[in-house]
Amino acid sequence: MFHKRHPQVGAAPGTLVIPADAPTPRVRQILYSIDGLKSDRTITDLDQLEAAPAAGVSWVDIQGFGDERLLIELGEIYGLHPLLLEDVVNVPQRAKVELHDDNLLIVLRMVRVDENAEITVEQIGVVLGEDYVLTFQECYGDVFDPIRKRITAGHRRFKEKRADYLAYAIADSVIDHYYPALEVIGERLEEMEEEAVMAPTTAILQKIQFMKNRLLNLRRALWPQREALHSMVWETNALVSEEVRLYLRDTYDHCVQTTEVIEMYRDMISGMLNTYLSSMANRTNEVMRVLTIVSTIFIPMSFLAGVYGMNFDDMPILHWKFGYAMFWSLAITLAVGMLVFFGRKGWLRPQETKNQKPD
Amino acid sequence: MFHKRHPQVGAAPGTLVIPADAPTPRVRQILYSIDGLKSDRTITDLDQLEAAPAAGVSWVDIQGFGDERLLIELGEIYGLHPLLLEDVVNVPQRAKVELHDDNLLIVLRMVRVDENAEITVEQIGVVLGEDYVLTFQECYGDVFDPIRKRITAGHRRFKEKRADYLAYAIADSVIDHYYPALEVIGERLEEMEEEAVMAPTTAILQKIQFMKNRLLNLRRALWPQREALHSMVWETNALVSEEVRLYLRDTYDHCVQTTEVIEMYRDMISGMLNTYLSSMANRTNEVMRVLTIVSTIFIPMSFLAGVYGMNFDDMPILHWKFGYAMFWSLAITLAVGMLVFFGRKGWLRPQETKNQKPD
Amino acid sequence: MFHKRHPQVGAAPGTLVIPADAPTPRVRQILYSIDGLKSDRTITDLDQLEAAPAAGVSWVDIQGFGDERLLIELGEIYGLHPLLLEDVVNVPQRAKVELHDDNLLIVLRMVRVDENAEITVEQIGVVLGEDYVLTFQECYGDVFDPIRKRITAGHRRFKEKRADYLAYAIADSVIDHYYPALEVIGERLEEMEEEAVMAPTTAILQKIQFMKNRLLNLRRALWPQREALHSMVWETNALVSEEVRLYLRDTYDHCVQTTEVIEMYRDMISGMLNTYLSSMANRTNEVMRVLTIVSTIFIPMSFLAGVYGMNFDDMPILHWKFGYAMFWSLAITLAVGMLVFFGRKGWLRPQETKNQKPD
Amino acid sequence: MFHKRHPQVGAAPGTLVIPADAPTPRVRQILYSIDGLKSDRTITDLDQLEAAPAAGVSWVDIQGFGDERLLIELGEIYGLHPLLLEDVVNVPQRAKVELHDDNLLIVLRMVRVDENAEITVEQIGVVLGEDYVLTFQECYGDVFDPIRKRITAGHRRFKEKRADYLAYAIADSVIDHYYPALEVIGERLEEMEEEAVMAPTTAILQKIQFMKNRLLNLRRALWPQREALHSMVWETNALVSEEVRLYLRDTYDHCVQTTEVIEMYRDMISGMLNTYLSSMANRTNEVMRVLTIVSTIFIPMSFLAGVYGMNFDDMPILHWKFGYAMFWSLAITLAVGMLVFFGRKGWLRPQETKNQKPD
Amino acid sequence: MFHKRHPQVGAAPGTLVIPADAPTPRVRQILYSIDGLKSDRTITDLDQLEAAPAAGVSWVDIQGFGDERLLIELGEIYGLHPLLLEDVVNVPQRAKVELHDDNLLIVLRMVRVDENAEITVEQIGVVLGEDYVLTFQECYGDVFDPIRKRITAGHRRFKEKRADYLAYAIADSVIDHYYPALEVIGERLEEMEEEAVMAPTTAILQKIQFMKNRLLNLRRALWPQREALHSMVWETNALVSEEVRLYLRDTYDHCVQTTEVIEMYRDMISGMLNTYLSSMANRTNEVMRVLTIVSTIFIPMSFLAGVYGMNFDDMPILHWKFGYAMFWSLAITLAVGMLVFFGRKGWLRPQETKNQKPD
Ligand SMILES: [Mg+2]
Ligand SMILES: [Mg+2]
Ligand SMILES: [Mg+2]
Ligand SMILES: [Mg+2]
Ligand SMILES: [Mg+2]
Ligand SMILES: [Mg+2]
Ligand SMILES: [Mg+2]
Ligand SMILES: [Mg+2]
Ligand SMILES: [Mg+2]
Ligand SMILES: [Mg+2]
Ligand SMILES: [Mg+2]
Ligand SMILES: [Mg+2]
Ligand SMILES: [Mg+2]
Ligand SMILES: [Mg+2]
Ligand SMILES: [Mg+2]
Ligand SMILES: [Mg+2]
Ligand SMILES: [Mg+2]
Ligand SMILES: [Mg+2]
Ligand SMILES: [Mg+2]
Ligand SMILES: [Mg+2]
Ligand SMILES: [Mg+2]
Ligand SMILES: [Mg+2]
Ligand SMILES: [Mg+2]
Ligand SMILES: [Mg+2]
Ligand SMILES: [Mg+2]
Ligand SMILES: [Mg+2]
Ligand SMILES: [Mg+2]
Ligand SMILES: [Mg+2]
Ligand SMILES: [Mg+2]
Ligand SMILES: [Mg+2]
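Chains as they are written, first to last, in my numbering: chain A, 26 to 384; chain E, 26 to 384; chain G, 26 to 384; chain R, 26 to 384; chain V, 26 to 384.
Bear in mind the hints are in silico, worked out from the structure with no lab data behind them.
Note that this is a predicted model, so its numbers are computed, not measured.
Each hint can be trusted.
You can't tell identical chains apart in this list, so a pair holds if it fits in one copy or across any two.
Straight-line C-alpha distance at most 27 Å; calculated DSSO-like pairs for lysine-lysine:
id, residue 1, residue 2
1, Lys232, Lys29
2, Lys174, Lys29
3, Lys370, Lys232
4, Lys174, Lys186
5, Lys174, Lys63
6, Lys184, Lys174
7, Lys63, Lys186
8, Lys63, Lys184
Excised from the complex, chain A in its bound form (with noise of 0.2 Å):
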């Protein structure tokens, strides 16, 4: 079910929303420039955060929303608007991308798998600057190690390039990680499909409900960032390099992919249905077969029976030396006839492996 975190009905704007359990906030400053990493440390009080060195780049990234103070005091230090600062607070909030006055917003929405194929939607807010970039995450923990790494390793490309290079990187990253995930999703679907047409039970159905429910939840996660990025690469700001949105073009392509592999997957769950119900509407006939097959042999040899243990003074045949024997010959022949008219309309056989040819 949706639960967003919204204000009281009728709040001034701006008023962030933070829950009693949130965690403190953790805040990590990390400064380089042409000349390498400058700086990487946790900053405990926001009177450390230093200024970016010149032509370089520093990224404070926040994990934990639990000090209302702090996060004002910060949106106060980089000159952030109220509203923004709610959008990264106020989780969720759809995928998008805001210029404001000197600086751009990106919303975007993390997907990670946990060790039980469970599929968690994180909202990650990123606000690039001239030479800052600010991440905003609501737990602990992120999926940004690599990108530390390759800036501390002194990558040529984050040495030369400026802070709109390492926004586009974590987007970059945001991304990527929708392919393990798409991963074990189709192989969950594989799955699914050979039991919906061996097994089609309630479970199934449900399992298959479940999975359409999960795959609608990625789609409303990529959809709209699939339109942030889109602006990103085609709308012209001062904040965005030319070159930059080259390497956004090429995620942006990729957040495409996403979406049309979901949409795949979207179409293979409803065939899944029709398979389902096919295979339940199947087992319906397969019973009814047996029932009709059953009862309309053993009917008429029952009435019969039921003739010759009528209770007529007159019943000249029950005298008759070969009486036993006509009635099993006749008895025999009903069945006979009956397994015969049902050979012809193919009902002795179960209708499910009568084409089993492979294609």
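Starting from the known structure of chain A, arrange chains E, G, R and V with the ligands on it as the hints suggest.
Structure of chains E, G, R and V with the ligands alone, referenced to chain A:
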């Protein structure tokens, strides 16, 4: 069903349609400026209306349309176009934003959840002038008290900003009300989902249909609102300042989010219909299965009993010592054979519980 | 079914197609200006047509197309393009607005509800010139009397405004007629919804299909009308003043609202189809349930009776004193066992009434 | 199934594909100008082609593509691009309008209803030059005789207008042919609708599917045509005059109307599928109902008969004077009880006829 | 299932992912100009690559990606952007056209039908420079031999035109390959349609689903290709001349036609699903009909036999001379009555063959 209050077919444009039982209008004027609240009082005669203070705002709220003369008089005071007056009085009107010569008409749809989780949609007509805001509501009682409190308390933004900010605050409050409504609906959907699996009755089908219609109504209310807010944010006019547009963009974002949640709920409802239909088919299968098992086990045995109940003179087994025992062993063999056959087909266990291992 | 009055394939453009039984035209001219009504009379010969008064309007209404010569003569008097004349005479034509050299063709679809709630759609051709309006209707009798009364009564707006305002008034009146039609349909839908649950017969299915087709027809009539009104409001031309465009915007709003109500009704119809199909399936279930209960209770008991009706010499129980009593206790045990089994499955109560608690 | 005449994969562009059994081309040239018809003759050698008269038009019609050299020679005479020639010869090609250096290619799809109401779609290639029109048709026999008659009869418009008007007349004639085809289909649909209710057999299902495919094909033929006509009306070029555009707008209107009728028919077809499926389900219900009534009435009675057919020594009632009468009263009571139970459930009347009151 | 070759999450952009079993690259260079073919040879070391002749074209074809160093070196020689190289190597990539500083990347999806009518989709990466074309293919073996032959044979157009014409010829050849694939699929669909009516087994359902997925894959391959070709035709750039755009428009037409055929096939598939489900329901009906006829004929007769098998002392008819004959006449009357009842309902003939008259 749809019932719009519309004038006689062919009536002149601008004809107000006021039902006989419409409540007498309650008029309340709030005046404030950068110096804070100037006055807040209920007006009984429109002559009591005051002009807005210098660089300030006049907010006139009208609740109840039971006095056509008063409405027309108000229209003359503020120079409202007859068609504008018709739009706010002859409800329901689609949500929209319409620029007139010197004011802007904003038609919104407020949603309210009552104690029984019933959802009611009410129209809010807003007229934004250079230094005034008029609000029109059909019934007594509104949801703008938090805004009044913020004005009375002298919130900085209200004091500094003009009439357009007040209009924004009203629109924002209208959209904010959709969140609690969506949460209530979400809870209902969760309950219904369970019911659709456990008890697929006609009653739950009707609940599903009813909820589907409710969501359709909400969707129909929200989509034009979304378009209206979009035009307020991106179509420039003299009455809405650049700064307030920034605030409206935030409201627009929330409006988009609510429409997306409604689309999600609609997908859930359609999944529930599938679950319901499949549970029904499951039941038919279950009933058929029991009928088939019982019938096909006993029908051959009954035939056998019928045979040995015949009155042929010459049925040697009848007189044989172990005849009766043989009959039973034959009958039991038949029954066990059938049971084994059904067991192999997996028909002896109810199908629903066969694969219930959690995902 | 679709039947358009169309000329021979390959005929020259502008060929009028007039059925043999078309009524003789009735021509009526109304002249008015800022000084009020000048004349209102029925014309028997087109030579009697007068020019519009200075700063005034001439409204010529033609009902019945049974005189090709008269129509062509009228076309020559007002300089109508042959294709324009074809469009108003060869009905049905899609609703549209088409700018010609010195006039504007407006094709509209009027809807009327007769005494049996049957809906008929009729084409209204309107030609707007600088100082004249021509209206073309296939059959006698129209719905413009309220407009004539407003003109005759000397309504201020009619006197002050020009031919474009008259054309607006006609279009507005056409759209106004959809509201009563929609209300009649809405009431029918409510009746049908109840029937679909209570009595899911083929008859109700046919009613549903019939209503679905009726809504499709209305939709097909309304959508091009909506586009046509949209173009009248937003595409500027010399014949429609800015002020009248404001009025047309209101008519456009109503047209949008009616299309939305039709979409809502279409959703309801599709919900009804679901209800109908589900009620049918419910009936099958109910019939199956009764069959299964009765069969599975009596079939084992019958077998037992069959056993004790066998004629084996050596069936000790038959001669036992309590044999008969034992048979009954066995039979009743079997039946009760079955009933308990069915009771546990919840099959003993009809399924429809199991969860009927109101929502 | 789809079969396009296409060259070898990888062949050079402009390769003509002419089947072995293609008919020998028949070439006919008509020359006319403001002075009327100049000549109308069949050409056997392309050297016989004459130039258009001053301010006049040359119409060359080619039927049959059985001579590649002639086609290529014609292309050289009129300076046709190889790709243009490929488009008119390698059928089918999507309907389209394509501007070349000094001519305009118009590809159209003509529809024809034969004596068995079978619909065939044929491609008409039209090349419009400054003073000539070329028409290409795969088979002998065309539908342009009414146009030829209008030219021969010296219709005013043909004489006054240029080659673009002839191209319009051809396109208009193509669209005109859809009306009779749609009427034939409409009548078929009405017959099928009745059948779907009265006799829901697999045969009618196949008719429905077949008609659905036919409509899909018509739709696929019409939509690109609609786009092509749209571009001819609204995209200006040197070859089509403003006046002829006005005529083409009328043809476009008719094309839109035919696509709308097809959409309407498609909706009817989908309604028929519902009717069919529901009639099938109704049949199952009916069969089940009869089975259930007969079985549940006789099974308990049979049990009773079985009881009194048992051979217990001690069954007092058997020897009672009124035993047999009592058996029958018991049996009849049981049967009547069942009938009353079924009557209350409304199962004794067939369901289809229960609510057949006309709407 | 979807499997993209993608680098480690968070890897630097431009990282090539080369599987361990990738084949060693085969590089082949063709040089030609207006003077004809200059050379055509297999390159083993990139140092052997020659520059294009004056006013000529250099075509370098790479098959197999098993040497990362070679690919990077090639990229350096031709100044390829790292992201471009990634797109052609890390397959699959959506079809697209992307303008870089001095080359144009074209990603295409080639379709091939193998001997078993299995369809495989392969990526073709094309880089168009001012005087060169690079083609990248993952596996050995390609489909460009007809193009090579046309170059070798010194086709006029190849000699006169530049590198852009070669790129067009490659794209055209890719699209041409869809026609035979579509014809193979069309034949399969015809076979399946028949099967779905005659033998509605689970096997045919699985074939339908499988074909549906195959069509979805083709559709997913074609749509981005269509967009890519559209942009090549309509978005001007320095690398593609006006004349070649004309040729590309033809290829675009074919691409549109193939997407339309796929949409048609998709509609056929969904019709087949309906046929299948209806055939299944028909079977259930058929089984039910036989069960009902046999049961309801014999159950009343069995009851009668049961009655005369009772052991009441006082059953006069049993001792009557014509008792037995009377029993039979009664039983036969009952059976005939039932048969007449079923005959009237039309249940005695199988439903499928009732209305099989051809359309
Ligand atoms: Mg979304
Ligand atoms: Mg989202
Ligand atoms: Mg891509
Ligand atoms: Mg990608
Ligand atoms: Mg997509
Ligand atoms: Mg409205
Ligand atoms: Mg709507
Ligand atoms: Mg609404
Ligand atoms: Mg709407
Ligand atoms: Mg949002
Ligand atoms: Mg929001
Ligand atoms: Mg949405
Ligand atoms: Mg969405
Ligand atoms: Mg039309
Ligand atoms: Mg329409
Ligand atoms: Mg229409
Ligand atoms: Mg309206
Ligand atoms: Mg609508
Ligand atoms: Mg098409
Ligand atoms: Mg086509
Ligand atoms: Mg038309
Ligand atoms: Mg249409
Ligand atoms: Mg339509
Ligand atoms: Mg795609
Ligand atoms: Mg797609
Ligand atoms: Mg693709
Ligand atoms: Mg084409
Ligand atoms: Mg093509
Ligand atoms: Mg298409
Ligand atoms: Mg569908």
